[in-house]
Structures are given as C-alpha cells and as structure tokens.
Amino acid sequence: MPEHYDVIVIGGGHAGLTAAITAAENGARVCMLESAPRAMRGGNSRHTRNLRPVHVDTRPPMSGVYDQHEYLDDLLRVTGGKTNQSLAALTLRESAMAIEWLVQRGVRFQPPLSGTLHLGRTNAFFLGGGKALVNALYAFAENLGITIYYNALDIQLEFVDTRFTGLSCQLNNVEQIMTSDSLVAASGGFEANLEWLTEIWGDAASNFLIRGTPYNRGDILKQLIRAGFRTVGEPHQCHAVAIDGRAPKFDGGIVSRVDCVPFGVVVNKNGERFHDEGEDFWPKRYASWGRLIANQPEQVAWAIIDDKVGDIFMPTVSKPVVANTIPGLASQLGVSADNLNQTLEHYNSAVRPGQFSPTELDDCHTENLAVKKSHWAQTLDKAPYRAYELRCGITFTYLGVAVDERARLMIGDEPSHNVFAAGEIMAGNVLGEGYLAGIGMTIGHVFGKIAGLQATRHDS
Amino acid sequence: MTASSTHATEAARILNICNACRYCEGHCAVFPAAQLIPLASQDDGALVDLDYLSHLCHSCGACYRHCQYADPHEFSVNVPGVLANLRMASFEQLIRPRMLKMSVTHPLSFSLASTLLFVTGFGLAMASNGLTNEAAGGFYALVPHTMMASIFSLAAVLVVICWTSSARAFWRDLQLPWFTQLPTRVFTGAFSDALSLKNLGGGHELGCYEAGEQPSLFKRRAHHLTVTGFMLCFSATCVATIYHYLLDSPAPYHWFELPKLLGISGGIILAVGATGLLLVNTKADDALGGTNTGFGIALTVLLLLTSVSGLVLMLAHNTQWLRVTLALHLGIVLALFVNFACGKFTHGLYRTIALIAYHHRAGP
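These protein sequences, in sequence, are chains W and Z. Using the working numbering, you'd call the opening residue of the first sequence number 1 and step up by one each time. Using the working numbering, you'd call the opening residue of the second sequence number 461 and step up by one each time.
Hints may contain errors.
As the list claims (entries may be wrong) - Quick list of the computed label-pair ranges, beta carbon to beta carbon:
1) Z:Q495 with W:L76: 49 to 59 Å
2) Z:Q495 with W:D307: 34 to 44 Å
3) Z:R632 with W:G120: 32 to 42 Å
4) Z:V687 with W:G120: 30 to 40 Å
As the list claims (entries may be wrong) - Covered stretches of chain W (in silico footprint by chain Z; criterion: 3 or more residues with CB under 8 Å from a CB of chain Z, positions within the stretch not fixed):
5) 44–54
6) 315–328
Please keep in mind that the hints were generated in silico from the structure rather than gathered at the bench. Glycine included, each C-beta is placed from N, C-alpha and C at the ideal position.
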C-alpha cells in the first residue's frame, strides 16, 4: 500500500523546508524527500550566510532603510532588466516578513559579519550561518510531524497528463511508492551535473568548480521539462564567481573566495590581462569575473599582488604561489615568462600616481592601456610576489521552471493543477542574469511560503 | 612531534578555514579572537596563542553543529574537539605542583586514590583519638576543632599558592601586561563574561549545543547552581569561623542559625547543580570533548559527593554513623581541595585569564 500524503516536497533545503512547514501549518500531511544523507542535508542552503529583506525601519538586525523602490532598482541593474517584473515585485514585497517568520521558527540573526559591514543595511546575516538555519528548520519541521526521508534517490515522478499523482524512489535501497494530492519541487539547480554542464558549455565545463552540494543534479528539473512544463532562463545563465582554483571540486563554499583581485593584476594562461581589476568593489564584481574566467583559455587565471599590498583582504585558505622574481613566478604558474614580463611592464608604465585607499574608489588608475585599471592601480614591482589561482565556481544554475504568482508550474500559458516550485529550481524567473547578494535565500523563502500554502489549496 | 604540537598544527589548519569563513563569529569569543592572531606560523609563539584560544573556548558546541565543513566534508573541521585536545595539553603544562600531573592525565584514578587516602587518614586519626561519648561531643570530640581548622587552613593556603603559580605561568605565556597596567574595562568585561557564563549562551542566549543540535541553557544553569551552592557552603564555613572565634559560639548550630541555613541551602543547591553537570558530562557528544572526559567527571563527582556527604553528616549527628560519615566528608572535602589546586577546578582560573587577554586584545 503506497504512502499517501496531501503534499510531497522534493528537496530539503531552505525552500523545501519553508514549503513543507507552511503546508503542515495549514493542516496538510506532508512528506519531504532529501536526496542527501542526513549529515549533508540542506543542499546549498548550508553554505549561505544571509538573505536580503525589504525593510522600512531599522529593527535589528537591519540598520538604515532598504525600501522596495531601491531594492527593485538594484535588481533591475544587476539583471539588466532580465526578470519577470511582477514576480520580482512579489518577491521583494513578501521579503518583508522573512526575518520574523524565521525567528518564530528557531532561526537567529546577528550583526553583519566582519568584512561585510557594507551589507548591514541590506542583508540579514544568520547567526551560525546557513547550516544553523537549516538545523533550526529541520527541528521545527520534525516537531510539526512532517515525514522526512534522507537518502531519497532515483526519484521517478508519475503524471497523468500534467497532473502529478505520485512517485517512486529508492529509500535505503528499498523501492518506495508514494502518492499525494500535490507536489512542491524544491530540488535545486543542476549545477552539480557535470554532464549537463558539458552539454551547455562544452569541454570548458570540466574546468569549473561547483561551489555547493554535489546532490543538485537537476534530475527532477529534467523530468518536469520532459513532462511538458514550461522552462524559464537561458542555459548559460547562472550565479558563477571567481574563486580559488585549489578549492574542492564540490562543496567548497565560502572559504574559496579570493578577495585580493582589485589590489593586483589578473592574467590568464597566456600571461595577459583581460579585464579591469579595479572596476568596482570586489563584492560587486566577483560574479562577473566568474564568467570572464570561464571564457579564458583553460578557464583559469591568476591574481597577482606584490609585497606593497599587505593583508588588506580576507585571508585565503590555500597558500598563494610565492616567488621573488617574475620569471620565477611564471614558471611556477606554467605561464610564459616573457609574456608575463611584458604584461607587467606595460601595466607598470601605465600606472599614474595617486592616493591608494582600499575602502574607497580611489584615484590610482592607469592611462593609455588597452585593458585599463580604474582604481587601486599600483605598480607591481616589489618582491616577494604572490599569485592566487582563480577558476570559475558555479553556485547555482538559472535555467529552471517558469511559475506564476502562486508558484504554479506552467503548461504553455495554463497554470499546473497541482505542481509547484520554490528555490533554485525557479529562481531564474527573477534572475535572468546577474545576482544580488542574499536574494537567492529571499526567493527561496517567498516562493517556499507561497508554494507550501498553494499546495494545500490546489484544484482537485 | 609532541602531542600538543600535532594538535596545534591541526588547530592552525582548522582556524585558517574559520578565519576565511567567519559564519560562527556571533557564537562566542573564540572566533573574533582567532581573527586577531596570525596563524600562519607554527613556531612557539603561535603555539602559545592557541593555548589562549583553547581556554577561551567553553566547549558549547555551537560552532560544531553549525559547521558546513564538519565531517563528512573533506575539510573535517571540528573546532571544539581540537581545542579540547589543546586545552588538556595546556592543563598538563600549567598545573602546579608539576609532580601531581597525574591529576590531569589520570583524573579518575587520581581523585579516587586521594579520596581513599584522606578518608582513611581521617578515619585512623579519629580511631586513635580514643573512645569518647561521640554523641555528646559531636564533631570536635572526634576531630578537635584546632586540628580540623589547621588541616583545612593549610590546604587552603597550599591551594592559593598553586593557583598563584599557575596563574603567573599562564599570564606570562599570554604576554599580558602586569595587571596594574590594564584598564578597568578589561577586568569588568572579563569578570562579567566569566560570572554570567556569556560564552555558554551561543551568542543568542539560547544556550549550548553539546548534547544535540538544538540549544539548551541546561549547562549554564547547572554551572551557576553549582557555583552558587559552593559559595553558600564556603560562606557557611566562614560564618561559622567568625561565630567560633569572634562570637564565642562554637558548632553545633541550630538549624535556624546562619551557618546551618547557609550550609543546608548550599549543600542542596550544590548537589542539584553537580548532578546537572554530571548529566552534561555524560550526555555531551564525544566529538566535542577531545579525549579526556574523565577530567570533568572527577570534579563533578567530588562536588556531588561533598554536598551529599555533608547533608548526610548533618543528619548523622547524634547517631552511631557520625564517625564514619565525618571521616568520609572530611576526606572527600580534602580531595576536593586537591582538585581545586591541580584538577579541573583550575579551568575557572585559566578561562578568566583568557577572557582578560581577550578583552585586552579586542580593545575598547
């Protein structure tokens, strides 16, 4: 006899938990399936650190004011307008209640982390990070009586036309069948699926790093696409950042950041610079640098600083490559010494004197240089030199399922009867390209709540 | 490599990752403190600073539960575990007298042996005192007041000498300025954090995570009860001493008199608190405690036995059990004094000094 539920939620990250809790609080009998083992539950949410809520007062943990108008401006700027405006407005509006909702369910917040003071007005930081949030919500979900399965593998969705009826899956090597009145898909993007990435990016994908969970293979997304639900977003679009090339292939998370880029020069495998390192503050640029590096030969680059740049950036976990001469550095990097020397000579001769100030957009810049450096340009000539390998790290993919304002998947222009989505799998509705720090968790919260509620009200 | 330098290397590796991550900053003083320390070097300077962090850690477990890099992640980060190992190595180095190192390396055997030794000693001393009318003479017929006062005064003086020696060693290791050169805010900050057990609050005042993934204030409350009970018992002794010498009013006291009221309430509260701490010791996740959990258990058991034997002793007055219970209680208390000098009890001293160093380095 298959188990029957009112709502099945696939995915045990922040979005899935939010949906499951909301559905249960509205009286539904809920089952949540998490593909990872318990020790790795929570998907990419484990690696998060904040969300971005709209707020018109300065209630802690927020300082200042961040109203919907400014928030929407920021979103339109980073996406270049590539966003579903009504769903974006919905997300921003509903984000106002996020902190209170989470606090009521055991999550705690703190002032901005050191090194992120500039985000104090716009971002609410989780005390203990994303895993603390995940743990709190799991405990809350268990107390509500939600059935939670870990190690849920090989999930096969069953549809009659486009109405979800149930699924089969492997639970601890035993095949299980379960049915439900509705489905919430919160199973993440497909960033950990190297084969799928290769279909899109070609061989370059083999040089990418996957910043988060190895369990986001997009199996559910693929089945939903095959079942006829409308997609949103372009295959190449994703949140990708330039990170330490020595980070683990999967699950490296936040510690793979490399924050020294603006203070030095970045060269590719040919020893050439390819982009303005001092364009803007690093948090506003590291996403675009991910894509830039993806387009370089062998998808690798090195950020090089000299001894004049002290410890003005967050430390890296891996030690940099160190050398006392440029040729010495070049040979350790596997880069042509002649090319690197030439690049640095051109750069050094283009540097104009100025007042170096790391916390401001200072006046240290280059002139008459093909690839300029707008700020923090100092000559690179004082040994020892340090080089940090940079690779493209994908956080999550944007190609996902289209939804309406009730989180319902779409068949053409018609909303689905009983299939809903929340989190990365539908973030592409709001993020056509680019990213805004903290908005991922915001989307997961808002659509998790909507999906969880609507899943209890599906038309039967 | 010595044991502590292996632990130091592992601690440096882990804290390197923590400094790049920082998500646990809000939980306690360890993470802000770690950011102020250069961890790159592995020389003796770095070793000492890691001792500082190891005592700053109150083993609450929040950072372990919330770490996305804990096992089974390949980074295998366990901050409380590695700091516990470093802390035990530090205890070994800091306790005085050095020849009693066994109280750190084999705490349970050591406490048992010292308890048996002292109980036997008191028992023999009482036997050699001849057969008097025990019921009528009370304690002092069995053990003369001057003898009791001398033994425990001497023990107290020795304890203070050991504490002073240990404290000076740690203070020097931390390269702290002489205490008269530190601003008041450093002491008010440190003592306030120590007395309130701020670092057992998790940063959100919901408590510790040593027993599970959900926070609880049980450990902090059990600790506060223990300290309160202990201070009440100690004040009972002080008040009784004043009564004896200044008010010419020796024991035994009526139950409504101050020494009895303080002693009974203290004994009960101490018993409840120590039981709570014993539960904490036994329920704490193995991953958090490093490898020497007997160290804490030895102290909590001694505290529990002290309070229980003291209450039983009071009830044994005027009965045939007086001799035995008196020997037990005095022997246990003396063994507790030894733990004060060179056992887990010294953690209060080192943690307070670590907090002083923290407030000094963190600046106003």
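Here's how the hints hold up against the structure:
no.: 1; hint: Z:Q495 with W:L76: 49 to 59 Å; result: 36 Å, violated
no.: 2; hint: Z:Q495 with W:D307: 34 to 44 Å; result: 22 Å, violated
no.: 3; hint: Z:R632 with W:G120: 32 to 42 Å; result: 40 Å, holds
no.: 4; hint: Z:V687 with W:G120: 30 to 40 Å; result: 37 Å, holds
no.: 5; hint: 44–54; result: holds (count 3)
no.: 6; hint: 315–328; result: holds (count 3)
The structure does not agree with the numbered hints 1, 2 stated previously, though it agrees with the rest.
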